[in-house]
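*Asks:* Sequence:
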Amino acid sequence: MRNPPYICALDAAMDVVDGKWKALILWALDERLRRFGELRRSLPGISEKVLAQQLRELEADGIVRRTVFEETVPRVEYELTDAGVALYAALGALGEWGARRMSELDLVPTHGRE
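For the sequence shown, UniProt numbering assigns the number 1 to the initial residue and increments by one for each residue that follows.
Hints listed in this document are in silico derivations from the structure and should not be mistaken for laboratory results.
Just so we're clear, the structure is a prediction, and the values are computed from it rather than from any experiment.
Wrong hints could be hidden among the right ones.
[Claimed, not checked] Label-pair restraints from in silico Cβ distances:
(1) 10 - 73: 35 to 45 Å
(2) 81 - 18: 17 to 27 Å
(3) 32 - 74: 13 to 23 Å
(4) 71 - 41: 15 to 25 Å
(5) 4 - 37: 11 to 21 Å
Don't be surprised by glycine CBs; every beta carbon is placed ideally from N, CA and C.
Take these sequences, add in the hints, and give me the full structure.
*Replies:* See below:
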């Protein structure tokens with residue numbers, strides 16, 4: 001918990017996905033686990049610094065799991081935890097609303113997947 005006290009449960013939930021990038025990080029990790037560079041390429045416009053910060057916060061909140069592989073060239077992979085999968089599912093209705101809204105406004109997503 002980062003910013004209690006919360007006014008309601010929705011306030012507590014929004015604290016976890018607050019900001020421009022966290023919901024998009026969940027979206028990118030929904031398909032599969034990814035390495036840092038893959039995540040960055042899937043999120044045009046995010047800086048390495050911001051991505052690292054957002055991933056650290058999501059990891060601290062138990063939403064993202066970070067696994068480090070001690071190899072000749074160290075490898076780090078990120079994936080959703082069970083709590084992250086549940087949160088992404090909960091955001092599904094919001095995404096559906098956003099798709100309807102974009103359709104009403106004749107907007108097209110800038111990325112291939114909705």
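*Asks:* Check each numbered hint against the structure and report the violated ones by number, ascending.
*Replies:* 5
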